[in-house]
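Chemist: This is what each chain is made of:
2 protein chains.
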Amino acid sequence: MVFELVPALAKKDHIIDLKLSTVLFEDNKLYPWVFLVPRREGVKNMTYLSLEDRLQLMREIALVETVMTTLFTHDQTNVAMIGNKTPQLHVHVLCRTKGDADWPGTVWGHHSEPYPADEKVQTIAKIKAAIEAALRNPAYV
Amino acid sequence: MVFELVPALAKKDHIIDLKLSTVLFEDNKLYPWVFLVPRREGVKNMTYLSLEDRLQLMREIALVETVMTTLFTHDQTNVAMIGNKTPQLHVHVLCRTKGDADWPGTVWGHHSEPYPADEKVQTIAKIKAAIEAALRNPAYV
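Line by line, the protein sequences give chains A and B. Using this note's numbering, read the first sequence as starting at 255 and increasing by one per residue. Using this note's numbering, read the second sequence as starting at 255 and increasing by one per residue.
Derived by calculation from the structure, the hints in this document are not laboratory data. Be aware that one or more of the hints could be misleading.
If several chains are the same, the list does not tell them apart, and a pair holds so long as it fits within one copy or across any two.
As the list claims (entries may be wrong) - With a cut-off of at most 30 angstroms between alpha-carbon atoms, the simulated DSBU-like pairs for lysine-lysine come out as follows:
#1 K380 x K352
#2 K382 x K352
#3 K266 x K352
#4 K283 x K298
Next up, chain A with everything else stripped away, as it sits in the complex (with noise of 0.2 angstroms):
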């Protein structure tokens, strides 16, 4: 089978795609966030994954979360896979600062608002640029 987005990620912007994963982009200004979705057919959560595409994908979290917090300005990051209402393997990578809307608690299913059109687009550009940058250390390729 043909891997194919389920449509609460389709509808994500495209950042770039990895050797395993699509980048999309989480359209919340209250957080930088980013999704890691690995091009495999029927996967809903890591257990699905051979244990070469689950250290590859540890690969490109590592890329991933390094590039975020380059960018943006954080005291942690938060990894997780979680998948309850969108049963396809989707690993959200975001950066949290103390006092954020929802810290110190979770941000699912909290706070939440959109991007001002020009600052998505250019959000999505400067991460994108930064991950082309960072594919060049050949340990994360």
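Chain A is already provided as a structure; the job is to place chain B on it using the hints.
Modeler: Relative to chain A, chain B alone:
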């Protein structure tokens, strides 16, 4: 510096030590729930780990997540690194079931109910034995 669990994690029940991570038990009978804590000093989130440690952590998450799904009824697994309140890297690995106390929301900061003492001891022993059996698979160690 020598590694030490922070107080919020030190008070949890110990299950087993893997090569990199200590596996701890969450005393909440609403969810089969464990933590992996890499024994590295001063690590607040995964960006503090070397890529080699990250890959080993993924092997250990794979082992523990698979063990949990073989032992407990579940519709989904949740794997998350948050650490807003407890800034020592710890990976939540838990089983979710449709209709559970917080379904389909997340579990953090929500419902909790301690195990009866006997059932806690038995559950920890069951998880430990299953992890020991899984460790005979050389891919994980």
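Chemist: Which of the numbered hints are not met once you compare them with the structure shown?
Modeler: Result: no hint breaks.
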